[in-house]
Every structure is written in structure tokens, then in C-alpha cells.
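A.B. asks: Here is how the chains run, residue by residue.
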Amino acid sequence: MIEDVICSFCGCLCDDLRVEVEEGKVAKVRGACRLGASKIMGHDRIAAPMIRQKGELVEVSYQEAYDRAAEILAAARRPLLYGWASTVNEAHQKGILLGEEVGGVVDSTATVCHGPSILGIEEKGLAGATLGQVKNRADVIVFWGCNPSEAHPRHALRYSSNACGKFTAEGRSCKKVIVVDVRRTRTARNADQFLQIQPGTDYEIICALRMLVAGKDDLLADEICGIQKADLVKVAQTLKNARFGALFFGLGLTHSRGRYKNVDNALSLVAELNAFTKFVVMTMRGHYNVAGIGQVLAWESGFPMSVDFSRGAPYFNPGETSAADLLGRKEADAALIIAADPAANMPRAAVEWLAKIPVIQIDPFENPTTLLAEVVIPSAIAGVEVDGTAYRMDGMALRMRKLVETSFHSDKEILQGILDSLRRLKDDN
Amino acid sequence: MIIKGGVVYDPANGIYGEEMDLCLEGGRIVEETGEKDVIDARGLMVMPGGVDAHSHIAGPKINSGRIMRPDDSRMGVEPRTGVCRPCTGYTVPNCYAIGYRYARMGYTTAFEAATPIIESRHTHEELEEIPILDKGALTLFGSNWTVMECVKENDLAKLAAYVAWGLKSSRGYGVKIVNPGGGEAWGFGANVKGLHDPVPNFDVTPAEIIKGLARANEMLRLPHSIHLHFNNLGKPGNYTTALETLDLLKDIKASRMRQVVHIAHMQFSAYGGTGWRDFDSKAPEIADYMNKNNHATMDLGQILFGSATTMTADAPLEYANARLLHQKWSNCDIELEESSGVVPIFYARMMPVNAIQWAIGLELALLTKDPWKVLLTTDNPNGSPFVNYPEVIALLMSQAKRAEEISRVHELVTKRTALPSIEREMDWSEIAIMTRSASARILGLEDKGHLGPGADADVAVYDIRPDEVDPSVDHALVKKAFTTARYTIKGGVLVARDGQIVAAPQGRTYWVDAEVPQADTERMMADLKDKFEKYYSVRLGNYMVQDEYLSRPQVVRAGTRARVEVAQ
Ligand code: SF4
Ligand SMILES: [Zn+2]
Chain A
1 MIEDVICSFC
11 GCLCDDLRVE
21 VEEGKVAKVR
31 GACRLGASKI
41 MGHDRIAAPM
51 IRQKGELVEV
61 SYQEAYDRAA
71 EILAAARRPL
81 LYGWASTVNE
91 AHQKGILLGE
101 EVGGVVDSTA
111 TVCHGPSILG
121 IEEKGLAGAT
131 LGQVKNRADV
141 IVFWGCNPSE
151 AHPRHALRYS
161 SNACGKFTAE
171 GRSCKKVIVV
181 DVRRTRTARN
191 ADQFLQIQPG
201 TDYEIICALR
211 MLVAGKDDLL
221 ADEICGIQKA
231 DLVKVAQTLK
241 NARFGALFFG
251 LGLTHSRGRY
261 KNVDNALSLV
271 AELNAFTKFV
281 VMTMRGHYNV
291 AGIGQVLAWE
301 SGFPMSVDFS
311 RGAPYFNPGE
321 TSAADLLGRK
331 EADAALIIAA
341 DPAANMPRAA
351 VEWLAKIPVI
361 QIDPFENPTT
371 LLAEVVIPSA
381 IAGVEVDGTA
391 YRMDGMALRM
401 RKLVETSFHS
411 DKEILQGILD
421 SLRRLKDDN
Chain B
1 MIIKGGVVYD
11 PANGIYGEEM
21 DLCLEGGRIV
31 EETGEKDVID
41 ARGLMVMPGG
51 VDAHSHIAGP
61 KINSGRIMRP
71 DDSRMGVEPR
81 TGVCRPCTGY
91 TVPNCYAIGY
101 RYARMGYTTA
111 FEAATPIIES
121 RHTHEELEEI
131 PILDKGALTL
141 FGSNWTVMEC
151 VKENDLAKLA
161 AYVAWGLKSS
171 RGYGVKIVNP
181 GGGEAWGFGA
191 NVKGLHDPVP
201 NFDVTPAEII
211 KGLARANEML
221 RLPHSIHLHF
231 NNLGKPGNYT
241 TALETLDLLK
251 DIKASRMRQV
261 VHIAHMQFSA
271 YGGTGWRDFD
281 SKAPEIADYM
291 NKNNHATMDL
301 GQILFGSATT
311 MTADAPLEYA
321 NARLLHQKWS
331 NCDIELEESS
341 GVVPIFYARM
351 MPVNAIQWAI
361 GLELALLTKD
371 PWKVLLTTDN
381 PNGSPFVNYP
391 EVIALLMSQA
401 KRAEEISRVH
411 ELVTKRTALP
421 SIEREMDWSE
431 IAIMTRSASA
441 RILGLEDKGH
451 LGPGADADVA
461 VYDIRPDEVD
471 PSVDHALVKK
481 AFTTARYTIK
491 GGVLVARDGQ
501 IVAAPQGRTY
511 WVDAEVPQAD
521 TERMMADLKD
531 KFEKYYSVRL
541 GNYMVQDEYL
551 SRPQVVRAGT
561 RARVEVAQ
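Protein sequences, first through last, are from chains A and B. Our numbering applies: residue 1 is where the first sequence begins, and numbers increase by one. Our numbering applies: residue 1 is where the second sequence begins, and numbers increase by one.
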């Protein structure tokens, strides 16, 4: 039995799991939610490195795969190195070095999920806290455009609406929970007040709340985008009367009309609430280490995503240097995809272009991206077969444990292998 | 390696500008060496490598600064080279830029001034990526629940056991205290107002926390003293808090040959006035105190005009900054331990408050007689990024330069500060003390800050011929020379030549392993385990920084046992 295992599925990074290992395999996972348990138990793996020959993926050695990957990257003029959300920082660091050496663009899946949040933070900063702080103190919890009941199943009990802590000993009963969403989600069932807003009206609703918080009630109409003013007054009062409030938001806010301006507005609301009480805000990050790649990129390049190394020095201009745009404009001419599945998650134009350029995939598991990859390199599962660092959604760094041995190479080893092949290739020329 | 013919300034060994050769071997200064490698330093100034004892260079705060300031990262861009990783940033540079830029100035060591225990894994991830420099991090204890409970129970042995455990957990080097109690109060949006204002829910006062930690620090015989950021920092009229706090520590005995308290960025705590309108300098009062007492040292926290990024565990202060400046604001409350904030700032010459702050820092340095008590810092990047240290050096060495500057800043400087009347001009030795020798001594780094046999082979050679240059007049030249060392040697390896980085070896990370009686640790752990069960969001088994995060650890031993031996 291995104690204090850290779950490598979602941004909650629950670190209280117990895993039973039998004959070198994970036999039982205790304490995780079903999402986490199924990730750790594992499923069908890519068996061996493969290279596409005449349309078919053919098994090769790791070394052959590295050499082919290096050829692709060396020949490319605008390579994209994309993904990183489901692997550890140690792999990120190697990947960034590789990105520098090939003059590529390093971007993470944040650009298609919480990219707008990062832009919002660039505008306003982020009044945050660690999740333990929320657990110990928060008596008002707002979930805006996120559905932790389905996506982060243990969030409520471990950290937020249902957690017990020093100043919140009675748990759920001493807290007020507000849910704002376009749908009545499972999370909404746990709410004291549920605000069902019309799609694309987040910005207006936040503006109305900011006005109410600022005491400008009389300037507001009786109905705002289909929501009764009285309901918003009630929300605003709850927010202002909090002893410690926490706003969690998800893709419902970042991906509806307004995008990063919604985030900017939400961050402003929280900052302003601090004139009355204590309030913090947090993004509900999806993949377990999507926060980590943002941190590593920031300390290594100065920028948290969409970093273009083609000039030799980091350059950042989201919209221009972000992966989806680079692909959509048909600018990238090769892609290394690691620990992500853009074929399933990117806009159509981007995926269509991805299918036309040489793609190197590094992943433990087959996914739609495998279908369009030219080189497929199976990796050990970080957090199960490899240890390393991951960052929780609140920025807390934890060390993932290695639970079982593997013959697969780790992401870090694979990237180093490609780097070595690349350097040899360059020396030869 | 032999550094030949330099004019050596090694004040720790009583050498004040003597022509001599230096022998380096195996990463150390030695009496003589058979090595053939020669660096020609004939007539040039030679000093120990620079040591920065208070700088914000790694961890969640600075990374938040990078993330919220893409405008800053667009400055200072340098492409990668055969030796160097690419660089970005000015006030919040990336890790590589931090290492190279310090090295270019002849600095070889820098200590991160504040890391919460629970966030230290992140801090070490960044420290590891800073090339060349030796480094360490001071661990935050001032708003920690366990600390406050031990203080409340008056259980000093338990407190010492916790401090030792906290240092180990964070792989930290010393005890940092920031606005004690304030970080906890900020958990519900409040602050502590003064030394004797109880911390809500914990029923201890900042004064008790400071004294408790100072005693524990001495019980543990830590190489560094407590490192203190005062309550009320950054507020008009706060010099009284500063003096009161210093008095509080007068009767504590140092367990080593050093200060009992090091005051962080004194400039921000030397303010008079009842508000920003009648804001004035109380630097003369502080300097007077420092001249009459010997238990404290300080670093300046000099501000310079231009862009900076404020970042501190004093979260209420950052919130106030953001409101005052209408700036973007980042905050991070850290469960059971601390809080923190980040706010960009621009110090303007014509803003009366900024001009007076600028003068206060210089006054403190110039009015405090003993340079061993004052470190030259900007509280990087709070007062200004560290790359501007040479500007401060030039100001301290030249009254003419100060007069020139005073004529270009808000005129209130002449009324609200004593700066215009100060004639003192520092000499080379005093600068050497304030930028390396005193920093090393104050931190308790025995092998740094001097060039005696056995010292680390960290050496800076500057393009200054001390006998030809009059710093009072040639201040532009002085600034230029300290900006770009002719040679920087780190651990016996030439790392920078005329501003070019020629090698980037990995530096070491210092941390303190302090031994305490097992029984105290057990008593302490019983309570702590309960906190992990109930309050922490991280398991005890995942809390401590693992060895993997320090590729070149330099463990400094301390502890209560050694103290007993000394007493006998
Ligand atoms: S909530 Fe997330 S981190 Fe926790 S067990 Fe479930 S999937 Fe894993
Ligand atoms: Zn500081």
C-alpha cells in the first residue's frame, strides 16, 4: 500500500490517495473519485514507438523514433511544440529547451481553455489564495461557469463548498453557495442561490454586480439580460456580507462571449469586494498540471504560454503565437504534440492543418491525434510510473509519486532523446 | 588560477586597496597554486564576489509578477547564445537573466528573501534554474499558526523544534518575519496595527511573535539572525514602530558573533508624518539609533526612479498599494502560514513621496557611521531591479552626483530630508563592505565576502584604477565599472568577461539543518499532525521539499546541542 499518492487527473491534485500495488501493477486505488481512479488504474497503452510508412503506423525502436522526430523538427521552419498539460514540470523544462534549440513555438493547452484567464490576469492581476485557505475560512463560495461536481468531483469536499476547516468547522451548513451558469448543472443542485443566466451575458451580469457592490443600485434596470434585479441584489449582498468569499470560475466564463474581458471583469469584481470584506478568486484548471506548464514557461521565458523562440529570444503575442492560430493560419509546418489531444480539442481549421503537416506524438495513450501522427512515441505515465512536479490549480507545487516500474521512457527521457538526435544531426551538417 | 597584480579590497581581512596576487584552486582561495591560468588584473580593483542578502529572485511571488507583467518581460530581451539561455524582463526577469545579470555586475551569491514553507518546492524549482550564483532562501515564520501557538504557550523549546523543522521542510536558510501577525489577520481582510495589537483569533501580539522567534533563532544557533520586515512598513509615521521593535530585541543575546536582528529594507520603515501630505524622513533618527546600538543591522531597500514591481508577504500593504496607485493587484493567501501580494509601481522624480523615499535610503546609508551595519540593496525588485545597484554606489560615493540628482527631483526633498546637507562620500572599502563583506557576515556565510585562504573563489575584477579615479568627480565612470565587471570568477571559474557570460556553472543552494532534542520535536509533531489532518490541504507526507529539488545542496549545521557545548 502506497500512502499519500497524488492523483494525476484533474487540477485538484488530491494528495491523499492510497494505492495498492500487486506484481508491479496498480491493483486498487482508494480515496480517489472515479475520474482519478480510472486514470491511475490505466487503460490501453500504445505498445511501442511507431513511424508512419505508406499510411500505416509501423513499430520501430525508441531510437529510430527519436531520429525521425529530430529530422522532422530540424527540417521544419516553424515547428510547434504543443500540449504539456498532463505531464510533469521536468518534462516541460526539457521541452522548452528543445523549443529554444529548434526555434519553435511552445504552447500549452491553456490556449484553448484558460488562455483568456491568463490574459485577464495580465490586465488585472489575481487576488488568490491556496485551497487550504479557502477550506479554513470561506463562508461564501461562488462557482461561475464551472461544474466541479462533474469535472473536479472532490473539490467541494476537500477545498470549497463542503469542506470543514478551522473557521468553517460546520462545513456546508456554515456556508452560502452561489452557482452561476447557463444550465442547471449538478453543481447547481448544491447551491443556496442559483443564477441561470442567458448564454453570453456573463459580462453584463458581472457589470451589474459591480454596480450593486459599489452602491449604484438605482442606476440598474429592473431586469438585466433576463435576470431580475432583486436576484442580483441578493447575490451582491451575500458577496458583501461574506466573512471570506471565494469565486471559482471555469470555461463557462472564459469561453462565452467577451472571453478574457469576462475574466477581467470578474477579477475586478473580486478586487472591489475587498473594500468590504475578504474575497479571493481562482481558475478551475482542468488537466492536473496545466498550471505547471504556465509556471515553468513563465520562469524560463518570462511568458506563461504561446512563447515563440524563432527569434532566439522569447516572444509572446497570443492570437499570433498561440497554437490554434498558428495552425489555423497554416503557418506551423511541423508539430510535436505531448500529453494532449488537439485533434479532439482544437478548432476545425487547426485540426485540418494538423492533418497535413508532420506530427510527432508523445503520449502514453492512443487518442484522435494518433490518427494523424507520423511519429508516435509512447511514454511512461507521469504520476504513476514517473515522479516529478505538478502545480495544483491554486499554484501549489507537489511532487507526484512513482508507483510502479515501467519499461516505457519518460517524457523527459524522450525529449532528451530527440534533443540528442537533433544535436547529432546538426553536428553532421 | 592566479589573478595578478590587482588592487585588492578585502575589508574583512583588513585589506583596503593593496596590490597583490590572488591564487585560486579547487574552488577556493589558496596561499599558492601551481596552476598556470593567469588573469591580468594589473592596477585594477579586485573584490570578493558580490553577495546580495535580500533580493526577491525565486518563487511564487516573482513568477506571479512575470505572469501579470508581460509588459515587463518584453524588456531586457536577449537571445540565446552558445553559453546562455535566452533572457527577458527588467523588474521581473526570467531565471537565466537573474543569474547572468548578477554575474555581470561581479555578484556571485544572492539570497531569496522570503519563501513560505509550503511554497518552497516552487521556490527551489526556480533557484535551480538560476545559473552561476550560489543562493539560499529565507523561510517565512511570522504569521504561522504553529509559531503563534508556541508563542502563546510560551513553549520556546517547541518553537525552536518547529523552526528547525520548518527550515528543513523548506530547505531554508534563515528565519524571515514579515509584518508579524499581519499575514494571519489578512486572512479575514484585516491587519495588525502595531507591535501590541493582538492577532485576531490567536491572542498573541507581533511583539511576542518577534521576541519568541528571536529567542528560538538564538537557541538554534542559526548562522543568520532573524530577518525582520517591520509592522506598519510603508506607512507614514512608521519610524516609531521601527524604533520600538528594535528596543524590544535589545536584551536578547546573540549566540554567534553577529547581530540579533537584521532589518529588511529599512528605507520603507523610516517614515515620519501623519499621512502622505506631511510625509517626511526620519532617517536621521533611525541612523542615530543604529549608531548608538549594536544589536541590529539593516539593508537599505533603496528606491530608484523608474519601473519596479513590489512583492512582499505583507499582503495588506500590497492591497493598499494597489488601491493607492489604481494598479493591478495580485494576492496569494497561504494556508496556516502567510499571505503575499504583488503590485507594479513606477517611482517618479516629481512625485513628492517618491522623491523623499529616494532620499531616505541614501540618508540611512550615509548617516549610519559603520558600513558593516548597512547593506546596499533595493529590495529587488521592490525599490528597483538589482541591475541598478551601480547607480546607488555612485550616489553614495559622490556628493556632486547627489546634488545633480537633487536638482532634478521634487523640491520637497530639500525640506523634508537631510540629504542635501550630507557631505559624506563613501570610499571603495565601504562600498566593498556594503555589497559583499557585510552581507556575507550578516548572513553568516563564513566562506564568502572575503578573500582569505579557504574562502570561496568568488572574485570580481572591476575596470577601475583606484589610484587614478576620483569617485567624487568620476561618478559616471564608477557606475559604468560596477555595472560591467571586467572579470567575474565564481568558484574558481571565469564566468563573465566584460559583460559577456563565458560559462554558466550550476551554483549551490545553502540551507540550515538545525538539530533539536528529539523530545521537543515529538511534542511539536503531535500538534502539527493534527493540523495536517484538519487544516492543511496537503498531506504531511507530501509537504517537505524533497532532495531532488537541490542539485547542489550546501548544508549548514546548527542546533541547540551545539549551544550547550559552547555554554560549558
Ligand atoms: S478530484 Fe481530481 S484530483 Fe481529486 S481524485 Fe478526482 S480526478 Fe483526481
Ligand atoms: Zn524584500
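If you are wondering where the hints come from, they were derived from the structure by calculation, not from laboratory data. Because the structure is a prediction, the values reported are computed rather than measured. Check before you lean on any hint, since a few could be wrong.
Stated by the list, open to error - Covered by chain A, per the in silico footprint, the following chain B stretches (three or more residues, Cβ under 8 Å): (1) 81-91; (2) 513-519.
Claimed, not checked - Below, in silico cross-link-like pairs of lysine-lysine (DSS-like), each with a Cα-Cα straight-line distance of 30 Å or less: (3) A:Lys166 <-> B:Lys480; (4) A:Lys166 <-> A:Lys216; (5) B:Lys415 <-> A:Lys166; (6) B:Lys211 <-> A:Lys166; (7) A:Lys402 <-> B:Lys168; (8) A:Lys28 <-> B:Lys531; (9) A:Lys54 <-> A:Lys28; (10) A:Lys176 <-> B:Lys531; (11) B:Lys235 <-> A:Lys240; (12) B:Lys534 <-> A:Lys229; (13) B:Lys531 <-> A:Lys166; (14) A:Lys402 <-> A:Lys94; (15) A:Lys94 <-> A:Lys25; (16) A:Lys261 <-> A:Lys166; (17) B:Lys168 <-> B:Lys529; (18) B:Lys415 <-> B:Lys529; (19) A:Lys240 <-> B:Lys168; (20) B:Lys292 <-> A:Lys166; (21) B:Lys292 <-> A:Lys240; (22) B:Lys531 <-> A:Lys175.
Cβ atoms here follow ideal geometry from the backbone N, Cα and C, with glycine treated the same way.
A.B. asks: Assess, step by step, whether the Cα of lysine 240 (chain A) is no farther than 30 Å from the Cα of lysine 168 (chain B), and give holds or violated.
C.D. replies: 41 Å, violated
A.B. asks: With a cut-off of 30 Å on the C-alpha distance, tell me whether lysine 292 (chain B) and lysine 240 (chain A) pass.
C.D. replies: 50 Å, violated
A.B. asks: Check the hint pairing lysine 415 (chain B) with lysine 166 (chain A) against an upper bound of 30 Å on the C-alpha distance.
C.D. replies: 51 Å, violated
A.B. asks: Does the alpha-carbon distance linking lysine 54 (chain A) and lysine 28 (chain A) stay inside the 30 Å limit?
C.D. replies: Answer violated: lysine 54 (chain A) to lysine 28 (chain A) is near 42 Å, above 30 Å.
A.B. asks: Within the region 513-519 of chain B, is the number of residues with a Cβ closer than 8 Å to a Cβ of chain A three or more?
C.D. replies: violated (count 0)
A.B. asks: Are the Cα atoms of lysine 166 (chain A) and lysine 216 (chain A) separated by 30 Å or less?
C.D. replies: 36 Å, violated
A.B. asks: What's the verdict on lysine 94 (chain A) and lysine 25 (chain A), does the C-alpha distance respect the 30 Å limit or exceed it?
C.D. replies: 28 Å, holds
A.B. asks: Between lysine 176 (chain A) and lysine 531 (chain B), does the CA-CA distance stay at or below 30 Å?
C.D. replies: 25 Å, holds
A.B. asks: Straight-line Cα separation of lysine 166 (chain A) and lysine 480 (chain B) no greater than 30 Å?
C.D. replies: 55 Å, violated
A.B. asks: Does lysine 292 (chain B) pair with lysine 166 (chain A) here, judged by a C-alpha cut-off of 30 Å?
C.D. replies: 45 Å, violated
A.B. asks: Are the Cα positions of lysine 168 (chain B) and lysine 529 (chain B) separated by 30 Å at most?
C.D. replies: Distance ~16 Å between lysine 168 (chain B) and lysine 529 (chain B) Cα, so the pair holds.
A.B. asks: Assess, step by step, whether the Cα of lysine 235 (chain B) is no farther than 30 Å from the Cα of lysine 240 (chain A), and give holds or violated.
C.D. replies: Holds, at roughly 27 Å.
Of the hints listed earlier, those the structure fails to meet are numbers 2, 3, 4, 5, 9, 12, 16, 18, 19, 20, 21, in rising order.
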